[in-house]
Every structure is written in C-alpha cells, then in structure tokens.
Amino acid sequence: MSSPGADETEPWPLWEVFVRSSRGLSHLHAGSLHAPDAEMAVRNARDLYTRRNEGVSIWVVRSSDITASDPDAKGAFFESPRGKEYRHAGYYTESEGVKHL
Amino acid sequence: MAPAATPTQRKDVDPVEDPAGRARFDELITADQRVEPTDWMPDAYRKTLVRQVSQHAHSEIIGMQPEGNWITRAPSLKRKAILMAKVQDEAGHGLYLYSAAQTLGVTRDRMTEDLISGKAKYSSIFNYPTPTWADMGSIGWLVDGAAICNQVPLCRASYGPYARAMVRICKEESFHQRQGFEILLHLSRGTKEQHEMAQESVNRWYAPALMMFGPPDADSPNSAQSMAWNIKRFSNDDLRQRFVDMIVPQAEVLGLTLPDPDLKWNEERGHYDYGELDWNEFSEVLKGRGPANAIRLERRRQAHEGGAWVREAAAAYAERRRAMAEKASAEKVQAA
Ligand SMILES: [Fe+2]
Ligand SMILES: [Fe+2]
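Which chain is which? The protein sequence lines are A and B, in order. Be aware that the first sequence starts at 1, since it is given in UniProt numbering, and climbs by one per residue. Be aware that the second sequence starts at 1, since it is given in UniProt numbering, and climbs by one per residue.
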C-alpha cells in the first residue's frame, strides 16, 4: 500500500503495535489496528491496548513495512542450530554437583 | 477484494491446492498447534474463520448499543464511569477481532459493509431491548457470563490471531460479569421495587442468554467440522450446561430466581436439568425479526455514515503531511 487513502479497498493502513509493559522490559507485539497515520496509530494504540496500565511506551509500525522470513522456508531457514546442542548449558553434564557452575 | 498483503496478513486468499501445505496444516491441527496467517490453509477453514471472527467482532460492536443506551441515565457517577469503561472495552473487543479477521485477507471496510447492509450476522442476544436499569445488571451477569463460557475455550482456537485476541478479551471480561452481578445484588437487596425490577429483568434475559450458545448439538451441522479443526472445543450443549451449572448457585446468592420450572439438580448426571428453549424465537431473532434488530442496524449505519467525514479528513490530513514531508526532503537533497 503506497499511502493512506491510496488503496480504495482499505483507506486506512494496518499498523502493528508493540507495547513496553514497564521500564526495563522489551516492547512486545500486542496486536494490530487501523489508523490513517503514525500519530493516530499511537493514539489509537493507547486507547486500544493500554486501557489498564498495560504499558509505559508504545511503538507502531506499518504492517507493510515489516520484512519477514519466508514462511514456506521454515525448515531450511532455521535448520542450522539443530544438532548443535553444545550451544546450551545443559549439554555439559560432567560438571554436575560442582557449585556455582 | 483482498487487501495489499503484508507479512502479518494472508496474501493468497484462494490458495491453490498444495499437497505439502495441506500435509503441514493437518500436522499442525493433529498436534494441536497454531495456524498462522501465512501458513497454507484449506479455503473452507479460512472461510469458516472469516465468518466466525467477523460475526464475533460485529457482536461486540452491536453489543455496545443496549448498554450505551443507559450511560446517560446511570443512577450514580460511579455506575456511569463503570458502564462507560465496559462499553469502551466492548469497542476494543470488536477492534481486536476485526484485526484478527483482517489477517485472513478480508478488508475492514468489507466487514463493515456486510454488517450495515444486513448481510452479516451477529449474536441474537443484542436484539433484545434494555428498558430498565436492572438490564445492565442482567447483561453483565448473564450475557457477559455466557460470553465468557463461550470465549475461554476459544483462547485455544487453532488460528493464532483469533486465539490471541480471545486471550486479551477474556482478561477483560471478568470485570464485566462482576459489575453486572453487583448491580443485581444491590437492587435485589434494595427496596421492594428494586428487588422486583431485578427479578423482572432476570426473567427476561435468562432464556435468551441460554440460547447464546447456539442451537442444540443435533441441529448444529457445522459444529463437528469446527471441532475437528480445533476452532471449537466443546459442543453448544456442553457449554450451555456448564453455564447453567454456574448460574444456579449465583442466583441463590443474588436472592433471585431463574424463570425455569424444570430447573433442578440431577444427582445422576451431576448437573442441573433445565427446560426446553424456544428455538423458534431464536431463529426469528437471528433472521432479523427480533424486537430490536432494525434499531441496532439503523444506529450502526448512522454512526458509520455520520463518521465518514472524520475518516476522510484523517486520510486527507495524513496524505497532505506525507506529501509535505516528501517535498521537504526533496528540497533538502537539492540544497545539499
Ligand atoms: Fe466483549
Ligand atoms: Fe463484555
């Protein structure tokens, strides 16, 4: 979608909303909404996703601006960590019983 | 027409049959995992969800009207603030659900069109009028109560965006039911007239609330498929029974009776038996011949058409700002 109002099937674009629930935490995806521009998207997001103090900060991004990994290539794309259990602490068992390790 | 696809929405609304995609879909359903917008899905699954999620959204939006009706006449400032917060929540529920439906490749405008043209359905419960303040209590206690029974299992629905919207909604619903219960409790313990008002209201809402779970299992042809797809988790009759078992003891706390002479504890079943419901009335109301169908739709149409200039102005403003920003950055490049 090039700009708001440009597509007659959907005059307002879709936005993805990310909410930080409290200082020190990451912004997490809360949902999406419809709004004509970024400023209105932030305001709508406040009304829609933080009616009960769920957030101290909001990010919005146009859904069409998100670049995603190819959903059809799941297996191949995420294959590399498989078989590499040595990247996890649980792989190392000989230190069992040793304190502070 | 399908909206421009984004990574959060489906792009192929009529997917070609894809054996690998179907195998993957079946695998996800069998493993009770979630299906996401960009996954391949059978067209019937997508259509069922579009219908269910948009009807659900419409119900939340139309559902604002019977209660909105009482905001200006709430008996105290506290009750008014509570009622406004509840009605605002329902607007929010509608918007979460419209967004979830959009991920399936249907536009918001299309859904709105279908609602105000009378093509789309919504929950028949909102076509009953709210003549007394006690109805705010009955709606919260019985209507939101039945909605919660229906919605809690939907938090595990197989379609990810729908399930996530339901989680958010369910978190907010419990306040709705409790505030309704409290309204009835205060009336029931109030003057004789107040008590009678509460009882009269519960008498009107009991049967329609039970019918919210939909027709009996034997007459609910689409249920089996929805259950096979893990969209629906319990049958209409199972959910209705669960609800009846919940509200009988609650009515006792309220000091109110439920208008059903057949309502009694069945030791053998471990459930309350309840009387036959008037399914003829249900289908009449669903077909648009309920007491308030015409008013609800007309009101929704007026609101939508009356708000057209706001949507147009907001879009024009956004476009103008975008154009100005573009021009400014072009001039900057030229100056440099
Ligand atoms: Fe709701
Ligand atoms: Fe509610």
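Simulated from the structure, these hints should not be mistaken for laboratory data. Among the clues, some could well be false.
As the list claims (entries may be wrong) - Some but not every residue of chain A turned toward chain B, in silico, with C-beta under 7 Å:
{"#": "1", "residue": "Pro-11"}
{"#": "2", "residue": "Gly-31"}
{"#": "3", "residue": "Gly-90"}
Said to hold, decoys possible - For lysine to aspartate or glutamate, the following DMTMM-like pairs were computed, each having C-alpha atoms within a straight-line distance of at most 25 Å:
{"#": "4", "chain 1": "B", "residue 1": "Lys-80", "chain 2": "A", "residue 2": "Asp-70"}
{"#": "5", "chain 1": "B", "residue 1": "Lys-119", "chain 2": "B", "residue 2": "Asp-238"}
{"#": "6", "chain 1": "B", "residue 1": "Lys-327", "chain 2": "A", "residue 2": "Glu-39"}
{"#": "7", "chain 1": "B", "residue 1": "Lys-47", "chain 2": "A", "residue 2": "Asp-70"}
{"#": "8", "chain 1": "B", "residue 1": "Lys-327", "chain 2": "A", "residue 2": "Asp-65"}
{"#": "9", "chain 1": "B", "residue 1": "Lys-264", "chain 2": "B", "residue 2": "Glu-305"}
{"#": "10", "chain 1": "B", "residue 1": "Lys-287", "chain 2": "B", "residue 2": "Glu-312"}
{"#": "11", "chain 1": "B", "residue 1": "Lys-287", "chain 2": "B", "residue 2": "Asp-26"}
{"#": "12", "chain 1": "B", "residue 1": "Lys-78", "chain 2": "B", "residue 2": "Glu-182"}
{"#": "13", "chain 1": "B", "residue 1": "Lys-78", "chain 2": "A", "residue 2": "Asp-65"}
{"#": "14", "chain 1": "B", "residue 1": "Lys-11", "chain 2": "A", "residue 2": "Glu-94"}
{"#": "15", "chain 1": "B", "residue 1": "Lys-78", "chain 2": "A", "residue 2": "Glu-54"}
{"#": "16", "chain 1": "B", "residue 1": "Lys-287", "chain 2": "B", "residue 2": "Glu-182"}
{"#": "17", "chain 1": "B", "residue 1": "Lys-171", "chain 2": "A", "residue 2": "Glu-54"}
{"#": "18", "chain 1": "B", "residue 1": "Lys-332", "chain 2": "A", "residue 2": "Glu-39"}
{"#": "19", "chain 1": "B", "residue 1": "Lys-80", "chain 2": "A", "residue 2": "Glu-54"}
{"#": "20", "chain 1": "B", "residue 1": "Lys-11", "chain 2": "A", "residue 2": "Glu-54"}
Ideal placement from N, C-alpha and C gives every residue a C-beta, glycine not left out.
Consistency of the hints with the structure:
no.	hint	verdict
1	Pro-11	holds, 5 Å
2	Gly-31	holds, 6 Å
3	Gly-90	violated, 24 Å
4	B:Lys-80 - A:Asp-70	violated, 49 Å
5	B:Lys-119 - B:Asp-238	violated, 29 Å
6	B:Lys-327 - A:Glu-39	holds, 20 Å
7	B:Lys-47 - A:Asp-70	holds, 24 Å
8	B:Lys-327 - A:Asp-65	holds, 21 Å
9	B:Lys-264 - B:Glu-305	violated, 49 Å
10	B:Lys-287 - B:Glu-312	violated, 33 Å
11	B:Lys-287 - B:Asp-26	violated, 35 Å
12	B:Lys-78 - B:Glu-182	holds, 13 Å
13	B:Lys-78 - A:Asp-65	violated, 43 Å
14	B:Lys-11 - A:Glu-94	violated, 51 Å
15	B:Lys-78 - A:Glu-54	holds, 23 Å
16	B:Lys-287 - B:Glu-182	violated, 33 Å
17	B:Lys-171 - A:Glu-54	holds, 12 Å
18	B:Lys-332 - A:Glu-39	holds, 24 Å
19	B:Lys-80 - A:Glu-54	holds, 23 Å
20	B:Lys-11 - A:Glu-54	violated, 32 Å
Figure legend: structure checked against the earlier numbered hints; hints not met, in rising order: 3, 4, 5, 9, 10, 11, 13, 14, 16, 20.
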